[in-house]
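Chemist: Okay, here's what each chain looks like letter by letter:
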Amino acid sequence: MTGAVTAIEEFDASDLVLREVLRDVLGLSQSRVDAFTADTGLFGHLPELDSMAVAGLLTEIEDRLGVTIEDDEVDGEMLETYGGLLGFVRAKLDE
Amino acid sequence: MIAAWPGPEGDEYALAFDRGRTRRVMVLPALFDEANKLRHFTAEVMRRLDAVGIDTFLPDLPGCNESLAPLEAQTLADWRIAAANAAAHFGATEVLSIRAGALTEPTGLPVWRYAPATGASVLRALLRARVIASKEAGREESREALLEAGRAEGLELAGYRLGPALIRELERAEPSGGAALANIAQGDVGGAGLWLRAEPDHDPAQAQALASLIAGGAPA
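Chains as they are written, first to last, in the numbering used here: chain W, 25 to 119; chain R, 170 to 389.
Keep in mind that a hint or two might mislead.
In silico SDA-like links for lysine to any residue, alpha-carbon gap of 20 Å or less [as the list claims (entries may be wrong)]:
| id | chain 1 | residue 1 | chain 2 | residue 2 |
| --- | --- | --- | --- | --- |
| 1 | R | LYS304 | W | GLU97 |
| 2 | W | LYS116 | W | ALA62 |
| 3 | R | LYS304 | W | LEU66 |
| 4 | R | LYS304 | W | ASP74 |
| 5 | R | LYS304 | W | ASP36 |
| 6 | W | LYS116 | W | ASP36 |
| 7 | R | LYS304 | R | ALA318 |
| 8 | R | LYS304 | W | ALA62 |
| 9 | R | LYS304 | W | GLU94 |
| 10 | R | LYS304 | W | LEU70 |
| 11 | R | LYS304 | R | ALA314 |
| 12 | R | LYS304 | W | THR83 |
| 13 | R | LYS304 | W | GLU72 |
| 14 | R | LYS304 | W | HIS69 |
Between beta-carbon pairs, the in silico distance windows are [to be verified]:
| id | chain 1 | residue 1 | chain 2 | residue 2 | range |
| --- | --- | --- | --- | --- | --- |
| 15 | R | GLY222 | W | THR61 | 50 to 56 Å |
| 16 | R | GLU325 | W | VAL41 | 44 to 50 Å |
| 17 | W | LEU89 | R | ALA173 | 43 to 49 Å |
| 18 | R | PRO239 | W | ASP99 | 32 to 38 Å |
| 19 | W | GLU104 | R | ASN352 | 37 to 43 Å |
| 20 | R | GLU325 | W | LEU89 | 28 to 34 Å |
| 21 | R | GLY307 | W | LEU117 | 27 to 33 Å |
| 22 | W | ARG114 | R | GLU235 | 45 to 51 Å |
| 23 | R | GLY179 | W | LEU117 | 38 to 44 Å |
| 24 | W | SER53 | R | ASP187 | 50 to 56 Å |
| 25 | R | ALA314 | W | SER53 | 38 to 44 Å |
| 26 | R | ALA289 | W | ARG114 | 23 to 29 Å |
| 27 | W | GLU97 | R | ALA321 | 24 to 30 Å |
By construction, these hints were calculated from the structure, which means they are not laboratory data. Positions of the beta carbon are idealized from the N, C-alpha and C atoms, including for glycine.
All chains, full assembly: derive it from the sequences and hints.
Modeler: If you want it as structure tokens, here you go:
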């Protein structure tokens, strides 16, 4: 987790895009999403983030970052925290 | 405000702002879960068009919203015919389609097309939601297997029972060309599309922006 926190402080492109997608899906202010840390809880922590919303979230990440996310790559762990999702997205971009 | 129009299986409801004015816009709403996310926005765009002297009609297509017709029996081809009948009934002079509503546009009328969605993208989101929900419930499903079953027998996706013909149409449906067409992208309206929101939300500035674009003239 320490590694993810350090990386978030750098605010790289995938981090910025991911925060934008979460802002748009969750209807949060920019300052709220800017305050997300690696440990901020997502799926299972935010009641409005149901399966349909997660599907929309993943589709939006695909469209904005030009990646393809397979269903079998989607699991509770990667969706549980902001750090988990960011790590997943970065790994996708490195493929 | 509430009007009726003759659908294929009896009267269907419509939300209408009808004061007998020259410009009469039929609104074709987003489909499935996006219809819920955009319901407030859609009605608000209509109110703002009413305020600037433009009539609007939002028909319930068969199987949608308050319609008593079974959704499972509907197809995009049926919806296009129903939309054409509704347009004729209300004397629409133009159409505003929203998201996948573009897939139900009748031919022959000028169209305002807001943030159009392809059938494939709508289907992809619905299938993905189903796979995620199943996984949460401890059932492994695959998009490919679901789609194959859906093509043959229909499929329940996000609470919507879609028939096999509709699934097959959605796989390849793209908005087609209208008589005159104005494409309105989300960037023209500003902010993030409200269909993305996890919970239905509203943004008066977006409704005003879309209404102002439409009030500015006819699609060319």
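Chemist: Could you work out which of the previously given hints the structure breaks and list their numbers from low to high?
Modeler: 5, 8, 16, 23, 24
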